[in-house]
Structure formats: C-alpha cells, structure tokens
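Please build the complete structure, drawing on both the sequences and the hints.
Taken in order, these protein sequences are the chains called A and B.
Residue numbering for the first sequence follows our numbering, starting at 1 and increasing by one per position.
Residue numbering for the second sequence follows our numbering, starting at 1001 and increasing by one per position.
Everything labelled a hint here was simulated from the structure, so no lab data went into it.
Note that the coordinates shown come from a computational prediction; the quantities given were computed from them, not determined experimentally.
There could be a bad hint or two in this list.
Said to hold, decoys possible - Here are the simulated distance ranges between beta carbons:
1) A/195 / B/1128: 32 to 38 Å
2) A/105 / B/1056: 35 to 41 Å
3) A/44 / B/1085: 54 to 60 Å
The beta carbon of each residue, even a glycine, is placed where N, CA and C say it ideally should be.
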Amino acid sequence: MSTSAETVSKKFNIDTVENAAKTPDTELPWAELGLKQNEFDEVVKVLGRRPTGAELAMYSVMWSEHCSYKSSKNHLRQFGEKVTDEMKKDMLVGIGENAGVTNLGDGWAVTFKIESHNSPSFVEPYQGAATGIGGIVRDIISMGARPVAVMDPLRFGAIDHPDTARVMHGAVAGIGGYGNSLGLPNIGGEMVFDSVYQGNPLVNALAVGVMRHEDIRLANASGKGNKVVLFGARTGGDGIGGASVLASESFDDTKPSKRPAVQVGDPFAEKVLIECCLELFKGSLVEGIQDLGAAGISCATSELASNGDGGMEVELTSVLLRDPTLTPGEILMSESQERMMAVVTPENIAAFEAVMAKWAVEYSWLGEVTDTGRLIITWEGEVIVDVDPRTVAHDGPVYDRPYARPEWQDAVQADAFTGSVQDAGRPSAPAELAAAVTELIASPNMCDKSWITNQYDRYVGGNTAMAFPDDAGVVRVDEETGLGVALATDANGRYTYLDPYHGAQLALAEAYRNVATSGAVPMAVSDCLNFGSPEDPDVMWQLAEAIRGLSDACMVLGIPVTGGNVSLYNQTGTTPIHPSPVVAVLGKLDDVARRTPSGWREDGQAIYLLGTTAAELDGSEWANMRGHLGGLPPQVDLGAERALGEILINASRDGMVDSAHDLSEGGLAAALVESSLRYGVGARIALQDVLDRDGVDLFTALFSESQGRAVVGVPRSEEVRFTDMCTARGFAHLRIGVVDAASGKLEINGVEPLSLDALREAHEATLPKYFD
Amino acid sequence: MTELPLIGEAIAVAAEPRLAGARIGVVTFPGTLDDRDAARAVRLAGATPVPLWHADTALGDVDAVVIPGGFSYGDYLRAGAIARFAPLMSQIIDAANSDAKLPVLGICNGFQILTESHLLPGSMIKNDHLKFMCRDQVLRVENSNTAWTLDYEAGQEITVPLKNQDGQYIADEKTLDALEAEGRVVFRYVGFNPNGSRRDIAGISNTAGNVVGLMPHPEHAVEVGFGPETALSGGAGIGGSDTDGLGFFTSVLTKIVGGAK
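Dropping the structure here:
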C-alpha cells in the first residue's frame, strides 16, 4: 500500500527541469500568471530553457510589480542616493532588508515600516486588513525586534456611499480583531473619506519594534550545511497569486471574483509565533530569518539564498500542508499567513526544536544551505527548480516607464478656490463663522475618530504614553530611563494631486511636525507610496515627482527613508486614486514623561500661535467641503519646519510648553477645537494681531492650511523664556489667547461663542450616524 | 519556565522587604497578552511577580495568583474554555478552594477563565454592540472586603481602562439575586454600561472573597503617565490620578502580610 503522500504526488504530472529541457515547446500559462511576453522571454533567456511549472510560478510572483518594484525601482534609487552624513549617523540597517533599523542610543535600536494591503482589503475587508497587520508585524520580527505598536492610515470612499460601510466595518474590525489579539497597542493613524478611493480603498499598516543592537537579524542564508526550516502555520491554498494577480492589476467588472486570492489570518498563531521567535533570538538559535508574505516560499527561499553567500537546496514535499492537493507551483506561491523560514546550524537543531515544542508551533526541515550558488527545489528528489536565486529575487525586470506632466495639470492649478463658484457666500459674520467652524469639525475628514479607535486596544503592553487623538503616538522603550519613540503618519492626496512634488513634501512635513509637536526628535522615515497604474504616463509622472520631492525634502530635514513599500495600480478602470504617498516619521524621546499632549488643561495658560498664515485655501478641507479641488497646495518651507521642530522639541525638553497641536488639515479652526475638546477645557482667543501681521481676514486665519504652524499652551511662569527662545531663533510667534477652564466655551473674537458641549456633539456624531 | 519577556529592564521599586517577600504569580497561556502588564503592577505595588506557565503541574511558592487578560488559545471556541483545562488551572482551583484560600484575581480573559473553571458563577458573552471596545471606564467598588479590594472604600469610584470583545456578564436571575444578597457584586459600571452586562456588573467574587474576577483592567491604571485619562488628570495621567488600579495589588499585599498597612 502506498502512503498518502505518494498517492497525492501521483496526481501531478510533475514538470521537472529535465522534462523542461526536453520539451521546449510546451505551452505555459505565463499570461494568466501575470507575466508579459517580454518578461517570459527574459525568463527563458536567464534559464537557457523554458521554465518548469514551478519555476514559472516563482518568477511570475517575484517579478510582479508588488514584489519587484519594476516600475518604481529607477526612481526609488534616489532614497539611497540623496543621503547626507547627517542622515547616515543613526542608520544601522538601510533600505533593502525587511525593515530599516535606527539607533536609539543606550544600546537600543528601533525598526519600523509601513506597507499597503489595499487590494485585498477591498475584496475582503476584514481578512485583507487583518493580514496587513500580520504581514507588517512579521517584517518587524524578522529583524530580530519585539514589535511594540501598530498604526493604520486608512482611506475610504465617500462616507455616504453604500459600499463604504462594508469596507469600513470590515477593515476596522479586521485591524482590531488581529492587532488586539497580538497584544500590540494601536497608537494612531489617519482616516480620510474621498470618492476617489471608492473602488480602491487604501489600507496601510505600520508596525514598530525595538531590540538591543546585538539582536539585529538579517534575512540571509549562509554557512554550508546549515539547515533550512519552515515553521508556524501550515501552507494552504489561500492567497495563491495574491501579489501578482491582485496587487499588480486594477479591478474591472469583466473578471470573476478574486476572493480566493485573499489570505485568511489567524492572530493567535501569529502571537505564538512572535513569542516563539523572540525566544529563538534570545538563545541565538537562528542564523538568518525571513517572514513569508507576498509570494510565500518563492520569496523566502530566493531572498534568503540570494542574500547569503551560497545556495540552497529544498525538498518541497517536506512542507506541511493544510490542503494535501496543492501542486508544487501552488505551494511555492501560497501566501498562507503566520509562517517564517529560518536557517539553523546543526548544533542548534535540538534547542530550536525545544522552543517549537514549548510554544506548540509546527515546523519542518526543508533542506540546507549549499555552496553551489543555485537554488534547487526538489519534489520527491526530482529537481523542479534550478535557478540562480538572484535572478528571481533581485534581477527582475526594471522598467523606465514613460512619464510626462499631464496636459490637465495646468488647468487644475489655475482653478483657485478663491473667487470660484464654490467660494460664493464665504462666511464672515460671527454667526456664520461659528456655523462654519462647527460644520468643519463635524465633516467626514475632521470629525472625531473614536468610533474607529475605540475598537483598538491602545493600552496593552503598558508602555503607551500617548495615542490618538494626539498628534503622534508615543511608546516607552526602556522602563528604567523612560527612553521612547514617537510616530506619526500623514498624507494629503488632494495636495499631491495638485502638485505631486510638493504634495509629497507636505506629507513629510506634516508627519515631521506631528512628531516634533509631541516633543520627539525626528529620526527616520518610512513611506507607503499609493498610486494608480504606472502604465499611465500621467500617474507615472505623479509617482516620479512624489519620489523626487520626498527624497529632496529628506535631505533638508536630515532624516533618511529606511524602508517602505510601493502600491501601484490603485485605480478603478482608467480612473486612478489621488496620488497618496503616506509618510511615517519616527522620532525619539529621551524620556517619554516629557511628551507634549495636544490639549490644554490648566486655567490661565497663555496660548501662542507659532508661524505665519497666508491665504492658502486651495486643496484645503474647507474647499473640499464645498466640493472644490484646484489651485496650488500650501507652500512648503522645510527650513521653517525644521526651525519649528527645534522650538517644539526644546520647549518640551525644558518644560516650556504644556500642550502643543500642529496646524494642518482644517487649519487653526480645527486645531483650536481639538485642543479644547481633548480634555474639555475652553479658551478665549483674539486673532487681531495675526490678521494685522499677516494681512489676512478672520475666515482665512481660521481655515487656511498654511504650513509650519502650531498652537502651544505655555505656563505663565515660562512665557518670557519661551518667547525669548522664539525671538532668538527668529521664529514668528504671537500670543493669541488664554486657557479658560471654567467657561466651557471656545470664544474667538469675531466668532459667536462655541459651547464645548455643542462642539463635542457635532464632532462625535458623524461616524456613528453613518456606521452604527 | 523562562522569565516573562519584557521590553527593557523592569522598573526598579525601592520596595519594603516585608512587601517584596510576597510572591504573586502571573499566569501565561498561549495567547495571553497582559501578563507583562500584570507583572509590572505587582512590582509597582511592592511585591515580587512570579511567572507561571500554563503547562506547569505545580503552583510553587506563591501567595496569590493573577490570571491576566488576552485571548488564550485565540478564544476561537469560547473565551477561556480551553485555558480552563490547563494543568496549572487544576492547581489554582484546588488552592483557591483550600482552607488557605489562595487569593486569585482574574482580569478580562482571566475572569472568563475563572467562570469557565466554576470558581465564579455566570458567564461572559459578546458585547451587546458586537464590537471590541476600548475605553476609560468608571467603576464603583461595591465591596471593599475582598482580598483584592481591601484598600478601597465601599462606594468609591475609580477609573480603569476596559478593553474587550466578550465582556457582557450574564447569569440567571437566581444567581444574580444571590450575588447581590451576599455582597459578591464587587464592581459595577457607573455612568455607562459598555457591554450590556446584567445589572451593570463589572466584577464579582466567590463566597469567601479570595477569588475576584472583573472585565476592566486595573493593571493598566498603576503608573502615572500610562493610565486612563480621567477628567482630573486631564489626559494620559499627566499630573493627575491615573493609578486607580494599583489598589488591587496593594490590597492583596495587605491581606498577605497581615493587614497592618
């Protein structure tokens, strides 16, 4: 009697390398797997023969846009090239590994990365969003770090569109369901509604982890005779072709449902995997480690082998399967979650197995590291893959896609909000302005987000020093010293649509400002570049401009991009999303006890506005509420951002401010309301000096989105010291009011008084109204 | 059993030797999440946390046990239903029911495990609004005579974080009446019932008062700057009282070291 494994294997007509060499004319389904004719021809050229079915599977996923960055690679180089010494000084691991690593001092290192899980989250919002968290967390573990927090920037379609609730409910529940079960606090993110994201929501996920310097791990397979092991969940049929099929193509109505291409997550398995990996690291039991994400075993084997100094031999029938009917190609492409691959020396095998036993994690030894420089995969001993791993993992096609400034760009930029049809009846009377402020803070993008954030655990771990709705999330790293990190993510698709170069810089400037507002020193950047199809020259121009803008801005701010992800083909039919570069900035606080929250608390404290205000309403939330999108986004002055950042950081360190809130979407109006509602403490504000100095009217002062600004609450005893510092640094500052704890109102001269109760009701009612 | 994995070094507390001598076990199951947090709370109260592993067959030398929150075994079946069968749980059940009446505190998933173990009556089902909810919750301490509430005043209102998916406490009317009559409703939600729990019950005790379970998380309200945002503290605990949960852990020390506090 034959064993079941033999029975199963006989179902396949295994396409061996030997067979491939003998049958050059066999038709292969390369087009269905997402390869273009020229790419298939290149595979044949690299191999000197037609690929086997298994090799075709590997090349098709690894050469997909999602895995190979073939359209963006030529542009992404700038992140590595435009680097100053200042940017390098704290970088321990740069772009190219699973995630970059930055030195925090005291022997600590921090790693963080942001990634997209957009397409799966549209098809199947719960699992798509959940596995987005799972994947980014495994990237962090792969570096040897303990994950300590997550964040989720989200962009959905119009708030009142019938399909938005489906995506929103599913994605938020998925992020909560998975992240909450991992014991990772969710400390921030963003939420934007815009109809451009209707058929293509953006679900990005960020994770951050910390480690001691000596614990940094890299993904490479070195040392002949070392063993290759796959551990964690079993391999199933879920997510097959996810990277190549979903992330590299746009949706249209002519194809069948792609539901089976979305992976299904098991957060319990991931939690156990985290603890298990940390125990492996602690015992120094693995030489190299790689998580299995997009392209599964294809990616893990080829990347480990090509980053190492030799080759690798793997027996594919040793992979533990959830579904015994999977073909070799499917096993290689499966994106089943919660799996890791590691390289272990023969001496450590017993210790490795003991850790697996303790955490009841399944594993199987697949093969070993060789010195042949080849990645050989066998099926019951017969060779089905024999490739140079570099050709799979690193030497994929690179395209210089044509790009050009769109013909429509000039017309869009010429269409300013001021004086437009939508600008008719601009509020000016006190009652009108009060109504405008209330309308703004109740609008879909400016409303209270606790309907979402209350579904996330922000406490677990006991190290969360700050979370939403503050400007940045802050997590303590070292309980002894209080050393910690701050994180913020930002993007403004409308700004970037109006001007991709400056729009991307504005995203970076805002994230930088948010981190500095918390009192942290910005240190590193991770970006998730969400764009439409690179085959559209208009979109390709947006992408090229955004990358150029970001890399230039990083040089001025002196912080490097340490990792990230590019998500292309975000469009419905031929209509792309707004170009949406989501930028995450990580900062460092020597003692998180010194962090600055965003709301004022103490009666009588002086409120200062830092920075100057120009008439910049194009692309603003106000214009968006009135249905206008045109003109030029706010001016970027990165030198001023840096100067503002230094003031906020010093003020926090020296106890000169008790609160600080950056001005961004919604301008001063939004910042004043949010600072009041944070702790339910009112204020009296007079803006006449601002109007006189900056030559703007009250409406503009409240709703303009000029950059490089913040409002701070300064204790009376610190006022002189604080203003002296601003003066010495030549930074514009004006006292605009005072905290009034007893009034229960936000009073702005020229605006009818706003009761905090009414503001809160308007602010909090929006999401429940649409989603409960 | 290895030590609990911590981020960085533990906070050093200049503990009174008398308190530090008290050893409080913190149980870890696969899927437990708040074990490090519970251990930190024990340490901040002045005692010595002792990591306990679900597969251990002996309880060892501990004076009290905390079963922390999380999703043991993923809670895919019914919260706490599998954890209840862990070898260590038999030891804990025996010790809690013994004459020595080992103090046991179940927080969130720990509370669910205690009801599944029949150390406490009733059960938890999905929140009435069907969503996970994380919020700062006001509780009223109804009974300050249990091992875990001695340091509170009866009627005192405290604020601690709440975060769960399956937090709706249910029991039959007879059981609820008995709990009320015997003073075994230890905590009640004030102002807002976050999950539809019967009679606003947030936490209960066994008859002897040594076993207490509750859904909210006192171990997340033990440290200035990292606790809930009470109106007074004005957020993230800066300059205010966000350590309302510490009393759980000092209470059990009062009990263990003999009340002279």
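Hint check against the structure, violated hint numbers in rising order:
none
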